[in-house]
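Enquirer: Given next are the chains, with one letter for each unit.
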Amino acid sequence: MRKNFFIMMIVVAGAFIYSACNKNVSGRTDNIAPLNPVSEDIDAGKWKTVLLSRPDSFVVVAPPVPGTPPYTGDLNEIKGYQQNLSGDAISKIRYWGAGGVLRWNEIMRELVAKHNLPPYQNEDGTYPIPNSLNPFNYPQFPFSNAPFSARAYAYISAAQYDALVACWYYKKLYNQPAPYTVDSSVNAMNGKTTLPSYPSEAGVLAGVTSELMKLLFPTEVANIQNKLQDEELATIQSGTATRTDVKAGEALGKQIAALFTARAKADHAGAAVGTPAIWASFVTATTARGETPWYSLETPQRPPMLPLYGNVLPFLFDSVTAIKLRPAAPFSTGSSDFAEQNQAAYNQIKNPTREQNRIVQFWADGIGTYAPPGHWNAIAAEDFIKQHYSEVRWARNMALLNMAEMDAAIVCWNTKYHYFNPRPTQMMPDIKTLTGIPNFPSYISGHSTFSAAAATILGHIIPANAGTYTSMSEEAATSRFISGIHTKMDCDSGLVTGKKIGNYAVLRAMKDGAE
Amino acid sequence: MQPIIKRTCFTLLFISALYIFVQAQTDIDAIMMAKSNFCVGGTFSHNSWKNYWEGTFKRDNQNLGTVSTNMYMLMGNYAVTDKLNVLFNLPYITTKASAGTLHNSRGLQDFSLWLKWMPIEKKLNANSVFSLYGLIGASTPASNYQADYQPLALGVHSNTVSGRLMLDYQHKAFFATASGTYQYRSNITIDRTAYYTTEIHLTNKVDMPDMASYNVRTGIRTFHVIAEVFFQQNKTLGGFDIRKNDMPFPSNKMNASIAGVHFKYTFVKALPSLSLEAGSSYVLHGRNVGQAIEYNASVFYIIPFSHKKVSPAHSCKLCGLR
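Note that the protein sequences, when read in sequence, are chains S and B.
Here our numbering is used: position 503 in the first sequence is 503, and no number is missing along the way.
Here our numbering is used: position 302 in the second sequence is 302, and no number is missing along the way.
Hints were generated in silico from the structure; no laboratory data involved.
C-beta: ideal position from N, C-alpha, C; glycine also.
Any given hint could be a false lead.
As the list claims (entries may be wrong) - When the alpha-carbon atoms are kept at most 25 Å apart in a straight line, the in silico SDA-like pairs for lysine to any residue are as follows:
| no. | chain 1 | residue 1 | chain 2 | residue 2 |
| --- | --- | --- | --- | --- |
| 1 | B | Lys50 | S | Asn122 |
| 2 | B | Lys205 | S | Asn31 |
| 3 | B | Lys50 | S | Gly436 |
| 4 | B | Lys50 | S | Glu298 |
| 5 | B | Lys96 | S | Met427 |
| 6 | B | Lys96 | S | Ser319 |
| 7 | B | Lys205 | S | Pro352 |
| 8 | B | Lys96 | S | Met428 |
| 9 | S | Lys432 | B | Met247 |
| 10 | B | Lys253 | S | Pro352 |
| 11 | S | Lys432 | S | Glu298 |
Unchecked claim - Listed next, the stretches of chain B that the computed footprint assigns to chain S, with coverage defined by at least 3 CB atoms under 8 Å from CB atoms of chain S:
| no. | region |
| --- | --- |
| 12 | 70-79 |
| 13 | 92-106 |
| 14 | 119-128 |
| 15 | 189-198 |
| 16 | 291-305 |
Using the sequences plus the hints, can you model the full thing?
Expert: Here's what the structure looks like:
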């Protein structure tokens with residue numbers, strides 16, 4: 001008996017030590033194949049840009065001719081690398097080979113999640129505000145909440161798109177063959193395509209993205225600079241482009257980034273935080289209308305999140321249209337209809353099922369996450385991988401999605417602060433929530449607006465998935481009702497408004513020359 | 001030589017972490033129950049904290065107030081032989097926060113099973129005895145509760161396998177016990193598709209760091225009473241810190257130094273099968289855990305399945321009942 005038990009102990013111990021060595025968790029996109037587009041979209045240089053007035057607004061000089069000494073020098077660099085590639089170098093080649101737009105989008109989502117933390121209060125119960133002029137000081141700039149992130153994703157995506165349209169224009173113009181095509185002794189580590197290599201799309205993406213980061217995530221500039229070097233080196237080592245191709249791309253990308261940086265500095269986002277006087281004016285104005293004003297449910301009470309974000313300059317329409325898109329007023333806070341809405345939220349929250357909790361957590365996208373726009377970027381990216389788009393089409397589709405998400409944030413925030421409508425829990429404190437309660441007015445639901453806008457443009461981009469995207473957006477909206485965060489009215493109105501905004505992106509998509 | 005007849009129920013230890021991470025009862029005492037007896041009992045415990053550590057930063061949170069947990073646990077111990085006992089327990093847990101808006105939770109937590117083996121019991125002289133124990137434990141979630149609802153989740157929803165080595169020395173009524181435990185924790189699946197630790201993870205799977213702990217306890221152990229103090233150190237082997245004002249996460253580095261007291265009384269003359277226990281513990285220092293204070297009370301009853309005559313239950317290795 002004793003002996004048997006001893007043997008059993010050894011077996012069990014061995015089993016768990018074995019399994020302990022196999023706990024590594026891999027991400028869904030860690031090991032995907034190199035990008036191999038079904039079409040190179042070689043005429044994408046003609047596609048309609050966002051800010052760039054002409055694809056050749058910034059001059060890119062002709063590349064060195066293959067066979068000349070400068071070109072041969074570039075080739076020798078590649079051959080030298082390829083003679084002795086470390087395991088780490090090969091994994092970076094694989095990583096970036098999956099697509100620069102995809103990888104930079106993932107990096108962006110990581111940065112948003114990393115910086116999506118509300119500041120901790122001061123001793124006196126007030127809150128410090130992140131300062132872009134002193135970004136490393138606590139609380140670090142930015143606090144990348146949902147509206148901040150929507151704008152960040154939009155600027156990066158739109159700038160990447162314009163930069164790649166210019167890149168494609170010059171690719172077709174100069175028609176420079178890839179190093180592995182010029183010299184068959186160069187190994188095509190990520191496979192061969194017919195895409196001209198000058199200027200390099202990887203260099204363009206590294207340049208444009210890294211430059212915009214200085215504005216959006218100033219504490220990450222060094223980190224992003226490392227990513228830029230990784231991408232450029234991996235691209236050269238893979239045999240896809242020469243150093244000249246990459247550096248010409250980087251320079252072009254940085255010039256185009258400057259256009260977007262200039263727009264960002266003037267788009268009114270910098271003033272979105274408001275002032276104590278402005279915060280108080282919302283209460284006064286709402287009370288004057290005979291309505292119960294929203295107040296922060298946090299202790300100590302936190303100033304409302306980005307109350308003037310509704311004034312930010314949209315991408316897909318003008319500011320007048322943004323106001324026209326604002327839905328009609330919610331039920332009056334004194335009405336029986338409003339009371340019924342809150343009562344329904346209360347009835348729902350008493351006994352949530354496990355499945356309802358799953359839906360809530362799946363869509364929560366609260367603090368420490370990449371936020372609802374990031375969630376829709378993740379959904380889009382994983383579906384785009386299966387579509388085998390060219391880099392320029394990846395960028396175009398991400399730009400359409402993220403311009404819609406930013407404009408959804410603008411209209412939604414404009415609506416929230418126009419009506420300054422209280423949360424269900426403010427009206428009925430017994431409404432406990434299944435996830436953290438956001439610190440801004442209730443009407444209309446941000447999740448619903450973001451999700452309907454995203455589902456509408458994504459359903460246009462991949463029509464076969466349109467029904468799925470619509471169902472997902474409806475589930476996202478429902479998640480906010482069953483979590484006790486919103487009334488049904490907030491969610492329904494958010495879905496209707498989001499769809500209208502998504503349709504502006506569809507309109508643009510139908511006319512941008514890519515379809 | 002006939003074995004010393006020893007029957008007792010096990011005592012409890014609650015590792016009260018930030019987020020109700022109650023590593024429900026480990027079998028932590030150096031006592032075996034005699035062959036063919038079955039002990040069954042129930043425990044109630046209450047655990048609460050107001051202050052907690054985000055990494056090394058200690059704070060309170062007025063949006064949580066006091067986080068409290070009630071645990072109702074069914075426990076059992078069957079003695080296969082005098083040197084091999086099988087123990088189980090099943091806790092039902094409720095959690096709530098006294099402030100803020102977060103919804104409470106309730107449900108069955110993790111079912112645990114332990115094999116407790118005493119390969120060595122050596123009488124050193126008339127007054128002292130030394131013994132060595134090896135334990136293997138396993139636990140599995142008994143319901144589909146959410147792990148990713150910290151700090152109000154019922155637990156971390158991991159399957160675990162634990163190994164423990166324990167040494168015990170008794171001299172007359174005085175005793176001292178020391179044990180060390182390694183706990184393997186399986187990866188878990190959460191309801192969202194991505195999460196940030198110190199980097200983004202584009203998956204719903206979470207790598208759960210293993211845990212290690214040691215426990216020392218000493219006091220008086222006689223025929224009808226146990227009175228002891230203990231100290232426990234928990235360490236998460238890996239994991240990450242909660243950042244300032246971030247939400248906690250199941251794979252946080254949850255460390256704690258816990259001190260406690262524990263009492264047991266057996267009704268030796270009136271009803272030797274019945275015993276009552278009570279205890280309390282406090283987190284002296286921690287990391288990514290709440291500074292919890294915990295109280296517990298238990299009732300245990302022994303049912304003899306043996307055909308042999310029932311002897312009084314007792315906890316003393318030296319009484320020499322034969």
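Enquirer: For each hint, tell me whether it holds in the structure or not.
Expert: To see whether the hints hold, each was checked on the structure:
no.: 1; hint: B/Lys50 - S/Asn122; result: 19 Å, holds
no.: 2; hint: B/Lys205 - S/Asn31; result: 16 Å, holds
no.: 3; hint: B/Lys50 - S/Gly436; result: 19 Å, holds
no.: 4; hint: B/Lys50 - S/Glu298; result: 17 Å, holds
no.: 5; hint: B/Lys96 - S/Met427; result: 21 Å, holds
no.: 6; hint: B/Lys96 - S/Ser319; result: 45 Å, violated
no.: 7; hint: B/Lys205 - S/Pro352; result: 24 Å, holds
no.: 8; hint: B/Lys96 - S/Met428; result: 18 Å, holds
no.: 9; hint: S/Lys432 - B/Met247; result: 17 Å, holds
no.: 10; hint: B/Lys253 - S/Pro352; result: 30 Å, violated
no.: 11; hint: S/Lys432 - S/Glu298; result: 13 Å, holds
no.: 12; hint: 70-79; result: violated (count 0)
no.: 13; hint: 92-106; result: holds (count 6)
no.: 14; hint: 119-128; result: violated (count 1)
no.: 15; hint: 189-198; result: holds (count 7)
no.: 16; hint: 291-305; result: violated (count 0)
The structure shown violates the earlier hints numbered 6, 10, 12, 14 and 16.
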